[in-house]
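Chemist: Sequence:
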Amino acid sequence: MTYEELRELHDLLFKTMGLFHEKFLRQFPKESRQYPGIKKNHIMIIGFLYQNKILTATQISKMLNMEKGSLTTLIDQLEEFGLVIRCEDVNDRRKTLISLTDAGKSEMEDIMRNSIQCINKILSNTKSDELMKFMDSLKYAAEFMKKIKKVN
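Just so we're aligned: 113 in UniProt numbering is position 113 of the sequence shown, and the numbers increase by one with no gaps anywhere.
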């Protein structure tokens with residue numbers, strides 16, 4: 001790709017992230033109804049664990065672009081709420097695996113129900129064909145990003 005094309009791609013990525021946060025993420029519930037101490041980053045962790053089943057703290061810290069030390073505090077809090085559990089990796093004792101408890105799964109399902117209601121309101125004036133095109137584009141973008149090789 002040329003520099004100009006890469007520059008346009010860079011701009012599109014940042015524009016998309018900004019619009020996603022403005023139009024969707026900022027509108028979603030920011031706190032838990034059942035667990036008053038849970039905030040936005042806790043919800044993000046629960047969401048990642050819900051989608052991926054089991055993750056290490058390193059994996060979560062990369063997803064959140066957060067220092068591992070800061071993440072440890074959040075995971076400790078989620079563990080105190082009984083929403084996550086830590087266990088040793090049987091293949092590598094140096095690794096600790098983190099997963100949701102049944103209460104954590106239930107909490108994420110409640111958060112998703114609330115977020116889906118919010119999405120419904122946000123998209124209520126959208127034409128059906130535009131919405132389907134948007135969903136197809138997001139599916140393509142997600143699949144494409146999964147294929148991209150990680151660079152350290």
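Be aware that a few hints might be false.
Pair by pair, the computed Cβ-Cβ distance ranges are [unchecked claim]: (1) Gln117 / Gly82: 36 to 46 Å; (2) Lys68 / Ile122: 32 to 42 Å; (3) Asn91 / Glu5: 35 to 45 Å; (4) Thr101 / Gln59: 34 to 44 Å; (5) Cys118 / Thr2: 32 to 42 Å; (6) Thr72 / Asp129: 22 to 32 Å; (7) Glu5 / Arg94: 34 to 44 Å; (8) Pro36 / Thr16: 27 to 37 Å; (9) Leu6 / Lys68: 26 to 36 Å; (10) Thr2 / Gln117: 36 to 46 Å.
Quick caveat, the hints were computed from the structure, so don't treat them as lab data. All C-beta atoms, glycine included, are put in the ideal place defined by N, C-alpha and C.
Chemist: Give a verdict on every hint.
Modeler: How the hints compare with the structure:
1. Gln117 / Gly82: 36 to 46 Å: Once the Cβ atoms are compared, 26 Å apart, the range 36 to 46 Å for Gly82 and Gln117 is violated.
2. Lys68 / Ile122: 32 to 42 Å: holds, 34 Å
3. Asn91 / Glu5: 35 to 45 Å: holds, 42 Å
4. Thr101 / Gln59: 34 to 44 Å: Check failed, 19 Å falls outside 34 to 44 Å.
5. Cys118 / Thr2: 32 to 42 Å: holds, 40 Å
6. Thr72 / Asp129: 22 to 32 Å: Cβ of Thr72 to Cβ of Asp129: about 47 Å, so the range 22 to 32 Å is violated.
7. Glu5 / Arg94: 34 to 44 Å: holds, 42 Å
8. Pro36 / Thr16: 27 to 37 Å: Between Pro36 and Thr16, where Cβ atoms are some 33 Å apart, the hint holds.
9. Leu6 / Lys68: 26 to 36 Å: Since the Cβ atoms of Leu6 and Lys68 sit about 30 Å apart, the hinted range of 26 to 36 Å holds.
10. Thr2 / Gln117: 36 to 46 Å: holds, 44 Å
Violated hints, listed in ascending order, are 1, 4 and 6; each of the other numbered hints is respected by the structure.
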